[in-house]
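Number of protein chains: 8
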Amino acid sequence: MTLRVYLSGEIHTDWREQITSGAADLDVSFDSPVTDHDASDDCGVAILGAEDNKYWHDHKGAMVNAIRTRKGIEDADIVVVRFGDQYKQWNAAFDAGMASALGKSLIILHGPQHAHPLKEVDAAALAVAEEPSQVVEILRYVLTGKLPG
Amino acid sequence: MTLRVYLSGEIHTDWREQITSGAADLDVSFDSPVTDHDASDDCGVAILGAEDNKYWHDHKGAMVNAIRTRKGIEDADIVVVRFGDQYKQWNAAFDAGMASALGKSLIILHGPQHAHPLKEVDAAALAVAEEPSQVVEILRYVLTGKLPG
Amino acid sequence: MTLRVYLSGEIHTDWREQITSGAADLDVSFDSPVTDHDASDDCGVAILGAEDNKYWHDHKGAMVNAIRTRKGIEDADIVVVRFGDQYKQWNAAFDAGMASALGKSLIILHGPQHAHPLKEVDAAALAVAEEPSQVVEILRYVLTGKLPG
Amino acid sequence: MTLRVYLSGEIHTDWREQITSGAADLDVSFDSPVTDHDASDDCGVAILGAEDNKYWHDHKGAMVNAIRTRKGIEDADIVVVRFGDQYKQWNAAFDAGMASALGKSLIILHGPQHAHPLKEVDAAALAVAEEPSQVVEILRYVLTGKLPG
Amino acid sequence: MTLRVYLSGEIHTDWREQITSGAADLDVSFDSPVTDHDASDDCGVAILGAEDNKYWHDHKGAMVNAIRTRKGIEDADIVVVRFGDQYKQWNAAFDAGMASALGKSLIILHGPQHAHPLKEVDAAALAVAEEPSQVVEILRYVLTGKLPG
Amino acid sequence: MTLRVYLSGEIHTDWREQITSGAADLDVSFDSPVTDHDASDDCGVAILGAEDNKYWHDHKGAMVNAIRTRKGIEDADIVVVRFGDQYKQWNAAFDAGMASALGKSLIILHGPQHAHPLKEVDAAALAVAEEPSQVVEILRYVLTGKLPG
Amino acid sequence: MTLRVYLSGEIHTDWREQITSGAADLDVSFDSPVTDHDASDDCGVAILGAEDNKYWHDHKGAMVNAIRTRKGIEDADIVVVRFGDQYKQWNAAFDAGMASALGKSLIILHGPQHAHPLKEVDAAALAVAEEPSQVVEILRYVLTGKLPG
Amino acid sequence: MTLRVYLSGEIHTDWREQITSGAADLDVSFDSPVTDHDASDDCGVAILGAEDNKYWHDHKGAMVNAIRTRKGIEDADIVVVRFGDQYKQWNAAFDAGMASALGKSLIILHGPQHAHPLKEVDAAALAVAEEPSQVVEILRYVLTGKLPG
Chain A
14 MTLRVYLSGE IHTDWREQIT SGAADLDVSF DSPVTDHDAS DDCGVAILGA
64 EDNKYWHDHK GAMVNAIRTR KGIEDADIVV VRFGDQYKQW NAAFDAGMAS
114 ALGKSLIILH GPQHAHPLKE VDAAALAVAE EPSQVVEILR YVLTGKLPG
Chain B
14 MTLRVYLSGE IHTDWREQIT SGAADLDVSF DSPVTDHDAS DDCGVAILGA
64 EDNKYWHDHK GAMVNAIRTR KGIEDADIVV VRFGDQYKQW NAAFDAGMAS
114 ALGKSLIILH GPQHAHPLKE VDAAALAVAE EPSQVVEILR YVLTGKLPG
Chain C
14 MTLRVYLSGE IHTDWREQIT SGAADLDVSF DSPVTDHDAS DDCGVAILGA
64 EDNKYWHDHK GAMVNAIRTR KGIEDADIVV VRFGDQYKQW NAAFDAGMAS
114 ALGKSLIILH GPQHAHPLKE VDAAALAVAE EPSQVVEILR YVLTGKLPG
Chain D
14 MTLRVYLSGE IHTDWREQIT SGAADLDVSF DSPVTDHDAS DDCGVAILGA
64 EDNKYWHDHK GAMVNAIRTR KGIEDADIVV VRFGDQYKQW NAAFDAGMAS
114 ALGKSLIILH GPQHAHPLKE VDAAALAVAE EPSQVVEILR YVLTGKLPG
Chain E
14 MTLRVYLSGE IHTDWREQIT SGAADLDVSF DSPVTDHDAS DDCGVAILGA
64 EDNKYWHDHK GAMVNAIRTR KGIEDADIVV VRFGDQYKQW NAAFDAGMAS
114 ALGKSLIILH GPQHAHPLKE VDAAALAVAE EPSQVVEILR YVLTGKLPG
Chain F
14 MTLRVYLSGE IHTDWREQIT SGAADLDVSF DSPVTDHDAS DDCGVAILGA
64 EDNKYWHDHK GAMVNAIRTR KGIEDADIVV VRFGDQYKQW NAAFDAGMAS
114 ALGKSLIILH GPQHAHPLKE VDAAALAVAE EPSQVVEILR YVLTGKLPG
Chain G
14 MTLRVYLSGE IHTDWREQIT SGAADLDVSF DSPVTDHDAS DDCGVAILGA
64 EDNKYWHDHK GAMVNAIRTR KGIEDADIVV VRFGDQYKQW NAAFDAGMAS
114 ALGKSLIILH GPQHAHPLKE VDAAALAVAE EPSQVVEILR YVLTGKLPG
Chain H
14 MTLRVYLSGE IHTDWREQIT SGAADLDVSF DSPVTDHDAS DDCGVAILGA
64 EDNKYWHDHK GAMVNAIRTR KGIEDADIVV VRFGDQYKQW NAAFDAGMAS
114 ALGKSLIILH GPQHAHPLKE VDAAALAVAE EPSQVVEILR YVLTGKLPG
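Residue numbers (my numbering), protein chains in the order written: chain A, 14 to 162; chain B, 14 to 162; chain C, 14 to 162; chain D, 14 to 162; chain E, 14 to 162; chain F, 14 to 162; chain G, 14 to 162; chain H, 14 to 162.
Honestly, I wouldn't trust all of these hints.
Straight-line Cα separation of at most 35 Å, DSBU-like style, residue types lysine-lysine; simulated pairs [to be verified]:
id, chain 1, residue 1, chain 2, residue 2
1, F, Lys67, F, Lys101
2, D, Lys101, D, Lys67
3, C, Lys67, C, Lys101
4, E, Lys67, C, Lys101
5, F, Lys159, H, Lys159
6, A, Lys101, A, Lys67
7, G, Lys67, G, Lys101
8, G, Lys101, C, Lys67
9, E, Lys101, E, Lys67
10, H, Lys101, H, Lys67
11, F, Lys67, H, Lys67
12, G, Lys67, E, Lys67
13, H, Lys67, F, Lys101
14, G, Lys67, E, Lys159
15, B, Lys101, B, Lys67
16, C, Lys101, A, Lys159
Treat the hints as calculated values from the structure; they're not laboratory data.
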């Protein structure tokens with residue numbers, strides 16, 4: 014069994030690296046969005062031409078990023094969505110909704126302070142974790158049946 | 014042509030009433046989540062039994078609410094999602110993601126101050142409006158071909 | 014919103030009547046399997062001809078019953094599956110698996126003594142209840158937003 | 014032609030080993046649930062944190078196990094479900110229902126004493142066998158056209 | 014429960030009338046192909062213009078008939094396919110294959126002399142009957158739980 | 014049998030009226046795009062606010078029109094697409110491609126001068142007609158089995 | 014581009030060998046049913062135990078063969094169905110119906126004497142050929158753009 | 014992440030070569046229709062036999078080409094559709110409609126003079142480009158996160 018995992022959400026901490034390095038010995042492939050914030054915001058106009066209006070500037074970028082995001086989510090067996098402490102992160106919750114409707118196994122990763130506002134998102138998940146290391150342990154258990162410790 | 018519309022998101026202003034009363038003369042049926050905040054939070058334990066742990070209290074409620082939410086979104090032709098100024102509103106973005114993956118026509122309703130953090134959600138929409146009256150005008154145009162004014 | 018509900022599982026108590034009479038004032042339609050045990054066992058041979066071999070006797074009946082069961086589950090918004098104290102009830106668990114794979118909202122109804130062996134089935138449900146009256150309360154809340162008491 | 018086979022159900026005898034060793038010369042890959050009973054029961058709390066309430070202890074484990082089970086069933090061409098003599102085995106019947114709704118080729122494996130209570134499950138199958146060796150012979154015939162003896 | 018039934022296959026005996034009149038008291042709606050053999054053969058050229066080549070004459074008619082056939086099969090809960098004693102009847106078997114792939118409940122109706130060449134078609138069915146009256150009895154049982162006699 | 018028909022394409026002649034009046038005695042419901050050219054071009058900015066850039070002016074309108082177009086095509090049993098002598102009509106061919114991928118019965122309506130450039134579109138159709146009256150005759154035949162003359 | 018092709022239908026001439034050897038230089042993989050007539054008829058009872066009743070003898074074999082047939086058709090890009098001069102060949106037409114409903118590209122192979130009774134089947138095909146060599150030429154053209162001669 | 018890209022539309026300039034050579038260092042595989050105009054027009058009759066009637070000549074060719082086109086579009090993650098200055102190009106718009114209904118990421122490539130008549134097609138796209146080099150830059154960004162310059 015090989016698992017394809019998409020790592021969605023927060024881009025300001027190293028949680029993706031913790032998971033990919035922790036799972037380096039497992040039969041897992043990882044995809045994720047472009048995590049360079051500036052490139053992600055400007056990709057539309059940088060490639061397809063400038064826009065005077067900030068709304069369409071953002072729109073063109075969001076559309077180009079959607080090519081990668083959709084591919085990553087549609088190909089995944091498991092979608093992990095991380096909610097951090099900053100920003101609105103509505104795109105993370107949007108990805109979780111897409112993944113749920115597509116029947117993906119969903120793992121939500123957040124601190125306990127976000128449990129109440131994320132209750133509907135968590136309710137669609139097969140696991141709710143607080144630490145990236147727990148996601149690694151889930152992947153290890155799913156693939157090998159081994160538990161930590 | 015009859016349209017089924019699901020009104021998702023913010024529950025603290027009267028935007029739903031503005032839309033349903035504005036569209037009262039149109040061939041539209043509306044569904045929405047339970048908008049009584051307390052009932053929505055407590056429905057799981059009120060019906061299925063108390064939980065000591067707040068997480069499971071919330072979880073049982075979110076699961077029961079999902080019965081209504083999923084039915085409403087799956088039956089809809091159009092899903093309108095309103096983002097207000099308060100709270101995290103991750104459930105609204107989650108509904109938008111589900112609706113998008115299910116191929117629903119999506120209308121997003123929010124003030125201009127939220128345009129940047131909602132750019133990925135807006136990019137999945139067929140219309141982005143600021144006022145409930147604009148949603149009514151869209152419904153009127155889609156059903157009758159009449160424009161405002 | 015109108016709900017279609019399929020009532021699967023145990024056929025030796027009056028739980029279906031408790032639900033349908035309790036929900037008589039709600040906009041719900043109910044379907045269920047044939048609950049006459051003898052008719053259900055013998056329908057295949059009674060209509061399509063006798064079989065010497067008990068296995069094929071049972072098989073012909075199970076196939077004819079599947080016409081009704083599949084229609085009921087596929088048309089339903091909500092599938093309620095009741096596990097009682099007698100018999101193997103593998104057909105109830107099979108119906109729950111079908112309903113889950115078809116994306117139906119699943120409500121499981123059983124006594125606490127069955128919680129451990131039903132944990133995988135319960136994990137696919139949006140609500141786990143012990144009493145038929147709780148199912149009625151869920152239907153009432155989903156349709157009207159009213160909680161008991 | 015390569016076949017992917019998921020082996021669901023009873024975990025207390027060596028039937029999986031009989032099939033995988035018997036089919037070792039065939040172009041088949043096998044998946045199965047975690048068959049270590051204790052690990053399977055405790056995986057949720059071992060990774061995601063302890064629960065006071067046995068119901069939620071079980072629930073967290075069942076959810077984590079579902080990541081593997083769903084992946085295995087969804088990727089399979091053939092799902093074999095084995096019913097033994099002990100326990101309720103509702104999860105086995107649930108897997109069979111999922112597999113059937115997903116259009117998988119279903120092979121059910123059980124002793125003759127279970128034929129009557131399994132008649133609805135058997136009716137959804139393309140083969141009903143009593144011995145693991147018969148499953149191997151089916152795989153061999155499907156891949157090579159060779160019959161036993 | 015209302016059943017939609019599509020009656021496919023042989024057009025030279027009154028089996029459809031036997032079923033529809035026998036089921037007149039049941040909540041069933043019936044569809045069927047155009048059973049006027051000449052109209053069915055010539056509909057394409059009669060409406061869309063003559064063809065010199067017999068192959069294209071037939072082709073245009075078969076395409077127009079497919080509009081009705083596909084609608085009838087796609088809308089049906091149950092597809093009944095009757096094989097008679099004359100002609101190749103490959104279109105009947107084709108309809109059965111379509112119905113099976115679409116997940117319809119399939120009832121096959123034929124005399125015992127055709128059992129061997131129809132074994133693959135029968136294997137996809139939930140009931141195999143010899144007489145139209147048996148189809149009526151199945152519909153009655155599925156809808157009411159009543160057995161004959 | 015009731016047919017839902019979507020009439021896509023050319024908006025500068027009265028072909029829709031010819032079909033709807035010709036089929037007035039049949040059990041058919043018709044949908045179509047907004048055929049007021051100016052309203053169709055300007056609906057986006059008229060409702061959602063002006064755009065300086067003509068591209069985004071057009072884009073907002075096309076998105077709002079898509080709400081109606083998608084609903085009409087998705088609900089249809091039959092999609093009729095008319096190609097006239099003027100304009101590029103790429104939206105008509107786009108609708109035909111959508112309808113084909115969604116498995117709708119496709120009828121293409123065009124003069125003989127367009128047969129070569131429409132060969133790929135015609136190849137996806139169940140009927141290719143030159144006159145609106147032929148579409149009426151197809152609908153009549155599909156519903157009643159009656160041929161013209 | 015790699016093509017997966019399933020070769021269904023007549024098993025008494027060497028048409029499959031003509032196609033597979035003719036296409037030996039192309040990037041195509043072929044699957045087919047078991048073409049050993051006796052093995053195909055008896056596989057059910059040979060593996061799963063004898064049946065007194067010929068109907069169930071046939072039934073068990075047809076079910077086991079369906080494991081291979083469904084896998085072959087579901088995995089195919091192109092399904093070729095050959096109709097010969099002998100036997101009823103209803104299973105061939107059934108396979109064509111399944112392939113059509115699953116959206117496969119269908120190529121039908123038969124002599125001109127069968128054109129009229131196969132008109133509905135041919136109408137679902139993208140090519141109708143008389144000779145196996147024409148199927149090879151289609152595969153060559155689809156993969157390389159090269160025409161014969 | 015590997016991307017499969019289908020290049021549909023205009024066949025009279027070297028835009029495909031510009032994209033495939035520009036993306037030669039990326040993990041992308043490309044498919045396209047047969048771009049030899051004469052072979053594409055005549056493939057049906059060259060392989061399957063001559064037709065007196067030009068309509069059926071074209072039809073047979075369009076059907077054979079559809080085998081390749083459908084496979085290319087269905088397997089693609091991204092469908093690029095190029096509109097040039099000549100011909101009706103309805104097949105290009107038809108491919109775009111199919112790709113959109115199948116949920117593919119759509120990139121439309123055309124000069125500014127075609128923006129108005131392509132507004133409905135562009136509205137279904139995630140990117141609208143004028144130059145093949147922009148398509149290469151999108152592919153590079155989607156796969157590597159690198160922007161030009």
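To see whether the hints hold, each was checked on the structure:
{"no.": "1", "hint": "F/Lys67 / F/Lys101", "result": "holds (18 Å)"}
{"no.": "2", "hint": "D/Lys101 / D/Lys67", "result": "holds (18 Å)"}
{"no.": "3", "hint": "C/Lys67 / C/Lys101", "result": "holds (18 Å)"}
{"no.": "4", "hint": "E/Lys67 / C/Lys101", "result": "violated (61 Å)"}
{"no.": "5", "hint": "F/Lys159 / H/Lys159", "result": "violated (63 Å)"}
{"no.": "6", "hint": "A/Lys101 / A/Lys67", "result": "holds (18 Å)"}
{"no.": "7", "hint": "G/Lys67 / G/Lys101", "result": "holds (18 Å)"}
{"no.": "8", "hint": "G/Lys101 / C/Lys67", "result": "holds (32 Å)"}
{"no.": "9", "hint": "E/Lys101 / E/Lys67", "result": "holds (18 Å)"}
{"no.": "10", "hint": "H/Lys101 / H/Lys67", "result": "holds (18 Å)"}
{"no.": "11", "hint": "F/Lys67 / H/Lys67", "result": "violated (42 Å)"}
{"no.": "12", "hint": "G/Lys67 / E/Lys67", "result": "violated (42 Å)"}
{"no.": "13", "hint": "H/Lys67 / F/Lys101", "result": "holds (24 Å)"}
{"no.": "14", "hint": "G/Lys67 / E/Lys159", "result": "holds (30 Å)"}
{"no.": "15", "hint": "B/Lys101 / B/Lys67", "result": "holds (18 Å)"}
{"no.": "16", "hint": "C/Lys101 / A/Lys159", "result": "holds (32 Å)"}
In terms of the numbered hints stated before, the structure departs from hints 4, 5, 11 and 12, listed from lowest to highest.
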